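Start counting the sequence shown at 1; every next residue gets the next number (my numbering).
If you're looking for bench data, these hints aren't it; they were derived computationally from the structure.
Being a predicted model, the structure only gives us computed values, none of them experimental.
Derived DEER-like restraints, expressed as beta-carbon distance ranges:
#, residue 1, residue 2, range
1, Lys131, Leu83, 13 to 21 Å
2, Glu16, Arg119, 15 to 23 Å
3, Lys20, Glu79, 31 to 39 Å
4, Lys120, Arg47, 31 to 39 Å
5, Lys118, Arg96, 29 to 37 Å
6, Thr44, Lys118, 33 to 41 Å
7, Leu9, Asp115, 28 to 36 Å
8, Leu83, Ile132, 14 to 22 Å
9, Glu16, Thr69, 15 to 23 Å
10, Lys78, Lys121, 15 to 23 Å
11, Ser38, Pro100, 15 to 23 Å
12, Ser60, Asp101, 15 to 23 Å
Where a beta carbon is used, it is the ideal one built from N, C-alpha and C, also for glycine.
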Amino acid sequence: MKKRALFGLMVRGFIEKNGKILLAKEKKERTWETPGGSVRLHETLKRAIKREVLEETGYSIKIEKMMLTDIGGSKLIKEIKVLCIIYKVKLLKKIRKPLPDVVGIRWFSKNEIKDMLKRKKVDWHDKKIFKIFVR
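With these hints in hand, go ahead and build the complete structure from the sequences.
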């Protein structure tokens, strides 16, 4: 029997302001990451990125443009590949607190991101966008 490719779909929000980017840290993650996560069944990409950024930062957003896509592996099941779509988004309004599993959100400078890349403290889905940011 042939093995079939299994894919997941993820969206991330790239939020830049005053030369810094906003990252979130969840309890279950080892790294600071762009806000985002999995797209739910029957959910549009735009709805997913708005939901994920709201859950992780507490802010509503405006989607400016799709920046890039990448494919990587699932953290949970190694046979699954994940398509990640990163959008450039702008924060609009603080609506609520982030979800309880978010232990922090903060702005990172280019030098801090360079250091993360150097120390390999970056998840696969953020590597490309971080390299573009620090140029």
